[in-house]
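2 protein chains.
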Amino acid sequence: MPTRDEIFMERCIELAGKGAGYVSPNPLVGCVIVKNGKIVAEGFHKKYGAFHAERAAINSALKKGISLKGAELFVNLEPCAHFGKTPPCSNLIVEHKFSRVVIGIKDPYHLVAGKGIRLLKNSGIEVKVGVLEEECREINRFFFKLVTTGLPYVMIKTAQTLDGKIADIKNRSKWISSPKSRRLVHALRANYDAVLVGKNTVKHDNPELTVRMIKGRDPIRVVIDKKAELSLKNKVFAGRFSANTIMITSHLANISRIKGLEKLGVKIIYCKSTNGIIDINDALKKLASIGVSSIMVEGGSFTYSEFIKKNLVDEFMIFIAPKIMGSGIEAFSIPNQFKNFKQFNYYTSGTDVLVNIKK
Amino acid sequence: MPTRDEIFMERCIELAGKGAGYVSPNPLVGCVIVKNGKIVAEGFHKKYGAFHAERAAINSALKKGISLKGAELFVNLEPCAHFGKTPPCSNLIVEHKFSRVVIGIKDPYHLVAGKGIRLLKNSGIEVKVGVLEEECREINRFFFKLVTTGLPYVMIKTAQTLDGKIADIKNRSKWISSPKSRRLVHALRANYDAVLVGKNTVKHDNPELTVRMIKGRDPIRVVIDKKAELSLKNKVFAGRFSANTIMITSHLANISRIKGLEKLGVKIIYCKSTNGIIDINDALKKLASIGVSSIMVEGGSFTYSEFIKKNLVDEFMIFIAPKIMGSGIEAFSIPNQFKNFKQFNYYTSGTDVLVNIKK
Numbered sequence: 001m002p003t004r005d006e007i008f009m010e011r012c013i014e015l016a017g018k019g020a021g022y023v024s025p026n027p028l029v030g031c032v033i034v035k036n037g038k039i040v041a042e043g044f045h046k047k048y049g050a051f052h053a054e055r056a057a058i059n060s061a062l063k064k065g066i067s068l069k070g071a072e073l074f075v076n077l078e079p080c081a082h083f084g085k086t087p088p089c090s091n092l093i094v095e096h097k098f099s100r101v102v103i104g105i106k107d108p109y110h111l112v113a114g115k116g117i118r119l120l121k122n123s124g125i126e127v128k129v130g131v132l133e134e135e136c137r138e139i140n141r142f143f144f145k146l147v148t149t150g151l152p153y154v155m156i157k158t159a160q161t162l163d164g165k166i167a168d169i170k171n172r173s174k175w176i177s178s179p180k181s182r183r184l185v186h187a188l189r190a191n192y193d194a195v196l197v198g199k200n201t202v203k204h205d206n207p208e209l210t211v212r213m214i215k216g217r218d219p220i221r222v223v224i225d226k227k228a229e230l231s232l233k234n235k236v237f238a239g240r241f242s243a244n245t246i247m248i249t250s251h252l253a254n255i256s257r258i259k260g261l262e263k264l265g266v267k268i269i270y271c272k273s274t275n276g277i278i279d280i281n282d283a284l285k286k287l288a289s290i291g292v293s294s295i296m297v298e299g300g301s302f303t304y305s306e307f308i309k310k311n312l313v314d315e316f317m318i319f320i321a322p323k324i325m326g327s328g329i330e331a332f333s334i335p336n337q338f339k340n341f342k343q344f345n346y347y348t349s350g351t352d353v354l355v356n357i358k359k
Numbered sequence: 001m002p003t004r005d006e007i008f009m010e011r012c013i014e015l016a017g018k019g020a021g022y023v024s025p026n027p028l029v030g031c032v033i034v035k036n037g038k039i040v041a042e043g044f045h046k047k048y049g050a051f052h053a054e055r056a057a058i059n060s061a062l063k064k065g066i067s068l069k070g071a072e073l074f075v076n077l078e079p080c081a082h083f084g085k086t087p088p089c090s091n092l093i094v095e096h097k098f099s100r101v102v103i104g105i106k107d108p109y110h111l112v113a114g115k116g117i118r119l120l121k122n123s124g125i126e127v128k129v130g131v132l133e134e135e136c137r138e139i140n141r142f143f144f145k146l147v148t149t150g151l152p153y154v155m156i157k158t159a160q161t162l163d164g165k166i167a168d169i170k171n172r173s174k175w176i177s178s179p180k181s182r183r184l185v186h187a188l189r190a191n192y193d194a195v196l197v198g199k200n201t202v203k204h205d206n207p208e209l210t211v212r213m214i215k216g217r218d219p220i221r222v223v224i225d226k227k228a229e230l231s232l233k234n235k236v237f238a239g240r241f242s243a244n245t246i247m248i249t250s251h252l253a254n255i256s257r258i259k260g261l262e263k264l265g266v267k268i269i270y271c272k273s274t275n276g277i278i279d280i281n282d283a284l285k286k287l288a289s290i291g292v293s294s295i296m297v298e299g300g301s302f303t304y305s306e307f308i309k310k311n312l313v314d315e316f317m318i319f320i321a322p323k324i325m326g327s328g329i330e331a332f333s334i335p336n337q338f339k340n341f342k343q344f345n346y347y348t349s350g351t352d353v354l355v356n357i358k359k
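Protein chains in written order, with the numbering used here: chain A, 1 to 359; chain B, 1 to 359.
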């Protein structure tokens, strides 16, 4: 049986999730205000730059004419104590004389990191920290990764046959996974800040990498092409999409092609390279520095393998279709490197099985 | 809601299953006798050469002093009409003056094939055929395959990583699947007439291919070794196991090795070969002719691939472990040959996912 605090925290997490895809690189936060054992107001962080969840909930209560003195406030992440896009929430909570604050998990961000909790405690408010802590960390895994490592959270998504092939010998990869799995991939795109592919995937598949099969916002498209060889006519650079695309390239880049990309509105990021291979770690750092907290890697084999070799993968979503390809392109071409995962789940996804692995 | 007939037929199928592993190449058959809407006696075919299910049920009723006149008899497969190891069951049913007989599915075996049904009908018994027909066919899929094609039912079992590898580059394959999956494989061995492996699997793994992790009878071991090159010291030939082993070989076989195998009690079957590769179809026919109705193929890659290329596989059981191997031995090395399976199920098996595909 969940405790009273857990029931209210569960609701905070649920509210927090409503901001998914829109608040990055900020965390997902939901907040409920409880009086006499009942929720009297709710709020969540709706989009980057908008009110924090605590302020949204407090505003909602005030609008209804509810006095907050002696009320309880529940929030899945420690309230901020610094001036960011908005004034600090901790001060606001103190100001309204809440008697108790329940916090899911401490904020790891160095400008908060316990400061919010101390400020509340020093004002005589009863503070409880650590309710559904794992769930609170999980919902903000992108944010936690970014602020603790300076790197985005990386998820590798593959669609493969039973024999581990992501495309046939002619590099054709369409229709491996079921329509339901493809729809799920579009939903994932709407939740990740960016989708990333290597040059060959653009060359062979010419994907749009947009959200189409469901309603949701398009992610940033990131293409790795160390020599900037790809044609400007590819869908990922074309028309209304181009302004939302980032090209990761190197000093080897074809200058006239770069000029063409810039004219289309594509953002160019130059990264280090070793033996003609882009330094993925450098690329991730630079993407993080412009606010990309989460990346879904969508192919191909070479790109997947670079991430795995450098140990930069936080999660795998492997769609396995009930098909045998025979000869074809393998999902991963890495040296003998036995990885035995501890945390994983299986789901059926249409006619496929989805293997979800977390580091 | 299942009908009254389906409820009694379900029980027949359940009883039939108790003979699994012991009746081959006979079918699995269960029988219930119903009087006044209640089951008064049950029987099943316990082992090859023992009473048929109908006779077992009738004997059980007679022992209890129950008069069978006017009773109903349910059985998952058409009663036999020929003298085999035992006298025909159809005559026995007529003799005891049953009023109604419900048959799950018609027996495809040419010596029965409707003759049992006709005999019963001609004696004025009410006969219903086709209750839970699919389930009745499924439980006797080995038998149906054998009598309709003259070939054994073939199931390929693999244990592979997410990237489709069944062994590392040094051919080490142990511990890919979870303990629960390995236990399940032992249970499967107890249900298949034979397990079959290629030469390289014996060479690299030296498996016993016996039933150990659960209680059950050992299968026949079949090894394909066209030149009879394998050492006699391999476990599959050694000690108490040897008399239960069949060597599939060709005219290329090393004669002194063959003599050594025969001394150990290993049965030798010579098969056709093309370009130095054993003709699997010929091997299957010869195995069928000595009563092998079902074979589980346990490796390796070359052997799996031969069965797939020749389209001789009825079922796959693919255990996928949450591991990435990198370089290693692929489960299937077949030319580009896209197989899209329609009938499949997913199960979790310990830490693995089991993909079960039926043709």
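Worth flagging that the hints you see were computed from the coordinates, not collected in a lab. Among the hints, erroneous ones may be present.
A pair holds if it fits inside one copy or across any two, identical chains being indistinguishable in the list.
Said to hold, decoys possible - Calculated lysine-lysine pairs in the BS3-like style (CA-CA distance at most 25 Å, straight line): (1) K272 x K342; (2) K180 x K358; (3) K285 x K128; (4) K342 x K18; (5) K145 x K64; (6) K170 x K339; (7) K69 x K310.
Inset, instruction - Find the hints from earlier in the document that the structure breaks and name them by number, from lowest to highest. - result: 1, 3, 4, 5 and 7
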